[in-house]
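Based on the sequences and whatever the hints tell you, model everything.
Residue numbers (numbering that gives the first Met the number 0): 0 to 445.
Treat the hints as calculated values from the structure; they're not laboratory data. Treat each hint with caution, since some may be false.
Cβ pair distances, simulated, as ranges [claimed, not checked]:
1. L384 / N442: 29 to 37 Å
2. D418 / K309: 21 to 29 Å
3. S306 / S267: 46 to 54 Å
4. P195 / D305: 26 to 34 Å
5. V264 / N141: 29 to 37 Å
6. T366 / D160: 32 to 40 Å
7. N369 / V176: 52 to 60 Å
8. S144 / G182: 18 to 26 Å
9. P195 / N132: 54 to 62 Å
10. E368 / Q307: 26 to 34 Å
11. G234 / S179: 23 to 31 Å
Backbone N, C-alpha and C fix where the C-beta goes; we use that ideal spot for every residue, glycine too.
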Amino acid sequence: MAGGTWLSQNKVRPGAYINFKAVPKSSMTVGDRGIIAIPLELSWGASGKLIEVLSSDMLDGTSKKLVGFTAFDSESKLLAGALSYCYKALVYRTNVGGVKASATIGNIIANAKYFGTFGNNIIISISEDTNTNLWTVITYVNGSSVNKQIISTASELESNDYVDFSVAQEGTLEETVGTSLSGGTNGTSDESTFYPEFLSLASMAKWQTLVCFSSSSSIKSSIQTFINGMRNDEGRYVQAVVADYDGADSEGIINSISGAVIDGVTFSKEDFVAIVAGMTAGANFNQSNTARKVVGATSIIGELTDSQIKTALSNGKFLLSTSSDGSIKVEQDINSLHTYSSDRNYNFSKNRVIRTLDEIGTTTKITWENSYMGKVDNNDTGRGLFKADLIQYGNELQRLAGIQEFKGSDDISIAQGNDLDAVLVEWLVKPVDSMEKLYMTVNVNS
0 MAGGTWLSQN KVRPGAYINF KAVPKSSMTV GDRGIIAIPL ELSWGASGKL
50 IEVLSSDMLD GTSKKLVGFT AFDSESKLLA GALSYCYKAL VYRTNVGGVK
100 ASATIGNIIA NAKYFGTFGN NIIISISEDT NTNLWTVITY VNGSSVNKQI
150 ISTASELESN DYVDFSVAQE GTLEETVGTS LSGGTNGTSD ESTFYPEFLS
200 LASMAKWQTL VCFSSSSSIK SSIQTFINGM RNDEGRYVQA VVADYDGADS
250 EGIINSISGA VIDGVTFSKE DFVAIVAGMT AGANFNQSNT ARKVVGATSI
300 IGELTDSQIK TALSNGKFLL STSSDGSIKV EQDINSLHTY SSDRNYNFSK
350 NRVIRTLDEI GTTTKITWEN SYMGKVDNND TGRGLFKADL IQYGNELQRL
400 AGIQEFKGSD DISIAQGNDL DAVLVEWLVK PVDSMEKLYM TVNVNS
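In structure tokens form, the structure reads like this:
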């Protein structure tokens, strides 16, 4: 964080200017946040869909059957990093064309549930109890039992979270101490193919922040176009995080330019976007990530000088800095908007403000569609009901410190639009931002 002396209130960096100087779901009652959409190359997991993974899944082991790892595995770096700040990830598996691991044990065929090298870690054990004539079939993953079945005939064998069983022909089962599935391969990932497919699926799901790992300017541009379309054309108030993209200039895009070493693990600037996305999605509308400590971070990759930080902030870049106590923190919670206009001024570059405005847009849209559109008469009575709901909602936003100086009916006007089925609403709103710049004069009494 910055500091120093001041002559006028014109400082760029958050700081004190003195002249002498593991993530549960939000409990908010207003629209919940905390969901990211993230593309990952995996060795396990469903293809062609978004895989829902909770932060709790990464800790209790549930994520292993979904994506092939938990928070304690090295390959979890990007997903675990993001989910340490938000509660849910919608994971898109980017690689295609892989092969499922498989094994044949007598008349039993075992195929891994998904393609990928993770399937090569699966072992099937079959044993007979001669006293009961029953068979025990156990599925192991990395040496741990994940499924146990006791059957009398092969046809009774059921598929589980890791293996699909089929019977070549009915007959006597064959004992095996442990037969490994083999032949699983991961396939390949192609950005030009998987990003369009990922965005298509994401357009139909609920999330707040999307992750873009690409270093390609054309991919980043397509992400910005997608996000702008979601916000401006579809009323989906979402954001995306990209790495070091000079073309970014929008409240919907966060342009992150820092990397970090966290708990001994290196996150390049392209990797670190996952953590920024988690922070952004996980922050409620009445919270700012400015000066937020990056837990476990010991150094910054691409650390900037004071003058470089000021220039970067002026160009709408999200970055890390070292605070006076030596901890590594977010310098300022901003998006990439840096070309201001009468419609989009400096306030729109602040992510806390954007989260509040996005909350208003999202909740109002949902309320309109669920309770009013096509259901309520467009007359004074019907419009009065809608206005009363908006006032109640505004009061709640003010109670939660999302907006301030809300005067209820005086700040919201509602009337019939040009068409008989149209409603025109104007709402004067003043969002609350967090304290970031302290201007203080200390007068010394002589």
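For each hint, the structure was consulted:
At roughly 55 Å, the beta carbons of L384 and N442 sit outside the given window of 29 to 37 Å. For the pair D418 and K309, the beta carbons lie near 50 Å from each other, so the given range of 21 to 29 Å is not met. Under the hint 46 to 54 Å, the C-beta atoms of S306 and S267, about 24 Å apart, miss the expected range. About 41 Å separates the C-beta atoms of P195 and D305, a value inconsistent with the hinted range of 26 to 34 Å.
For the pair V264 and N141, the beta carbons lie near 21 Å from each other, so the given range of 29 to 37 Å is not met. Hint check: T366 to D160, Cβ distance near 39 Å, so the stated range 32 to 40 Å holds. The given range of 52 to 60 Å is respected by N369 and V176, whose C-beta atoms sit roughly 58 Å from each other. Take S144 and G182: their Cβ atoms lie about 23 Å apart, and the range 18 to 26 Å holds.
For the pair P195 and N132, the beta carbons lie near 55 Å from each other, so the given range of 54 to 62 Å is met. A hinted range of 26 to 34 Å is violated for the C-beta pair E368 and Q307, which are about 46 Å apart. Range check, G234 to S179: Cβ separation about 51 Å, and the 23 to 31 Å hint is violated.
Of the numbered hints listed earlier, those contradicted by the structure are 1, 2, 3, 4, 5, 10 and 11.
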